[in-house]
Amino acid sequence: MSKVLAGFLLAACFATAQEPRQIMEEVQRRQRSESQHYEGTLEVIGNGSRIATKRWVFDRIGAFGASKGMLRFTVPAEVKGVGLLIVNHTGRASDQWLWRPNIGREQRIALQDRSTRFFGTDFSFEDLEERDVAQFDYKLLGDENNAWKLQSTPRKSSQYTYGYLWVKKDNYTIVKVESYNKKGLVRVIDYRDFELAKGIWTARTIEVADVTRNSRTTLKYDKLEYNLPMKDGDFTLDALRRGP
Amino acid sequence: MTGLLLFALLAQNFEQRGFIENQSFFYPQKAPNDSAQVVDQSAIRWEASYKVAPWLKLSGTLDARADTHRQVDRNARLDLDDRTAQRPALSLRELNATVHKGKVTAEFGRQIIRWGKTDILTPTDRFAPKDYLSSVVDSDFLAVPAARITIAAAKDSLDAIWQTWFTPSRIPLLNQRWTALNGVTVVDVGARYPGRSQFGLRWNHIAPRYEYSLSYFDGFNNLPLFDASFDPATATARAQRFYPSMRMYGADAAIPLPWLTLKGEAGYFTSTTPGAQDYVLYVIQVERQVKEWSLAGGYAGEAVTDGAGNPLSFTPDRGFSKSFVGHATLTIDVNRSLTVETAVRSAGSFVRFEYSQAFGEHWRVTPGVAWIRGEITDFLGQYHRNSYASLGVRYSF
Chain A
0 MSKVLAGFLL
10 AACFATAQEP
20 RQIMEEVQRR
30 QRSESQHYEG
40 TLEVIGNGSR
50 IATKRWVFDR
60 IGAFGASKGM
70 LRFTVPAEVK
80 GVGLLIVNHT
90 GRASDQWLWR
100 PNIGREQRIA
110 LQDRSTRFFG
120 TDFSFEDLEE
130 RDVAQFDYKL
140 LGDENNAWKL
150 QSTPRKSSQY
160 TYGYLWVKKD
170 NYTIVKVESY
180 NKKGLVRVID
190 YRDFELAKGI
200 WTARTIEVAD
210 VTRNSRTTLK
220 YDKLEYNLPM
230 KDGDFTLDAL
240 RRGP
Chain B
0 MTGLLLFALL
10 AQNFEQRGFI
20 ENQSFFYPQK
30 APNDSAQVVD
40 QSAIRWEASY
50 KVAPWLKLSG
60 TLDARADTHR
70 QVDRNARLDL
80 DDRTAQRPAL
90 SLRELNATVH
100 KGKVTAEFGR
110 QIIRWGKTDI
120 LTPTDRFAPK
130 DYLSSVVDSD
140 FLAVPAARIT
150 IAAAKDSLDA
160 IWQTWFTPSR
170 IPLLNQRWTA
180 LNGVTVVDVG
190 ARYPGRSQFG
200 LRWNHIAPRY
210 EYSLSYFDGF
220 NNLPLFDASF
230 DPATATARAQ
240 RFYPSMRMYG
250 ADAAIPLPWL
260 TLKGEAGYFT
270 STTPGAQDYV
280 LYVIQVERQV
290 KEWSLAGGYA
300 GEAVTDGAGN
310 PLSFTPDRGF
320 SKSFVGHATL
330 TIDVNRSLTV
340 ETAVRSAGSF
350 VRFEYSQAFG
360 EHWRVTPGVA
370 WIRGEITDFL
380 GQYHRNSYAS
390 LGVRYSF
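Each protein sequence line maps, in turn, to chains A and B. Be aware that the first sequence starts at 0, since it is given in numbering that gives the first Met the number 0, and climbs by one per residue. Be aware that the second sequence starts at 0, since it is given in numbering that gives the first Met the number 0, and climbs by one per residue.
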């Protein structure tokens, strides 16, 4: 019993003594997987009532910084087939291309356009990126409800000037993010309904609130899988045009 | 039980979507050759694809149409090549097989092929004939029968296209308002289509701060010139469409800068057909997102390098040149948007407004207004009687 207590005390001392970057690197290490697949259901809620439901399928190959993602809408019918290719980079912001079947050409999403909302949802294009911890500076601000509160400041170009993150101490999951620009709070992202999937704690519900518009979007994960075999060739511009 | 299992397995690889749409056009003014002021058209489009194997996908699109203005053929046969002057009532718009292995993708059959990067006017988009029947300022793309092979690496891709059977752009009917004749009666005596196939190559390169393409096309202009004989006694002309040979040397580029994205596209066109000119078409445009606004604006230019040209032609691509062009879309919310498109020339201009609103997951209503002004001698100005209001209602499934 005393050994267990000592172990707990030691762990607690280690936890409190951690540097903010160490915390975020541990978050990233625990989230790391070779690939990810899920089907997402989005509900956009404006002025308190649901105004649209959309569904997409998301595939990712690779991990933080060096990953590539392919997102395709499946519902509603009028946006079915619309795709977004995201190529993340370790040293800079991602490259993104949007494919609309009715236009028949891909469109590169310019860096300065990443703050635009993604298809009317409360996610901006930038929010769909998967940035490496190396692209931020971190500062530990304190503890709240058994979670570390950190401040993150992007080193590279971003619509946000800084943000606050809450990281649960027991499983190193991010449970909340507040993002600010020069004018103040822009977005609040809440991560909920955590489940252990293939050893990775994953939020099955993500709620994004656009504070400036009084609008929010809820994304629920379905058919979540990690480490499925995927091919790099399915994450190219040609694959974006080719479709699923 | 086995049948159900087989059906479930087949259904997993089957995708479909489509829409039923009705569009109404209201013209405040009559045209000299067209007294109709209300035109209504309906369409059903069904797109289906089936993934036979991870490397093989079959896709097809079927269109069914009807209208009040005889822009759609009343004969309900299934059209396979989209060459008729009227829109077919039933059409196999697309039917193709996509084979993918490693870095190579091959597509065979009727397919929509798009090249280029700029909007409104796209000089290098040579495998994309359009349907100008209902409106010259708001046209739809047509598919072409072709073999397309794309070799794609992470940063570079090479696109080779061989179009076996010529598909012309569908031009306005001679007895309707989008053909501006001013008192002359013209009889369409058909078309002379090119006998040989068309070929094109496009190399695209992506870099962190820019991307560009170089393209080459050897084939025919999908927009016609006319051979005409005129009888002054009856003020009647007999016109036959023909399609001049065309070679294009093209380039396009997109450069995202800190405050905006710069896009450029240019094509140098040569022809050996008498009456066809050699010319350069180019577009320079900038794009920028400002909150919920997506803005694009630029200049489309043209320079004739050789040839006197044929005055009897229908060339909206060149007609939109020497213009300041702009496009703006406001995303009001997830269901509503507003689009404004314009082209302004020295002697003619148009502006089109479109408001679009979705109702539920299936319905969308799109009212719009197009306003065209200018002088009769100008490509846009000749349609000054054709300003219109439109209403589109679409059910997507």
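Treat each hint with caution, since some may be false.
Stated by the list, open to error - Computed footprint of chain A on chain B, listed as stretches where at least three residues anywhere in the stretch have a Cβ under 8 Å from a Cβ of chain A:
(1) 234–242
(2) 257–266
(3) 323–336
(4) 358–366
Said to hold, decoys possible - Here are the simulated PhoX-like cross-link-like pairs (lysine-lysine), alpha carbons at most 25 Å apart as the crow flies:
(5) K290(B) - K182(A)
(6) K155(A) - K154(B)
(7) K175(A) - K155(A)
(8) K181(A) - K148(A)
(9) K102(B) - K230(A)
(10) K50(B) - K222(A)
Stated by the list, open to error - Partial list, computed: chain A residues near chain B (C-beta under 8 Å):
(11) P75
(12) D112
(13) N170
These aren't lab readings, by the way, just hints derived from the structure by calculation. Built from N, CA and C at the ideal position, the CB exists for glycine as well.
State the violated hints by number, sorted upward, taking the hints as numbered earlier in the document.
1, 13
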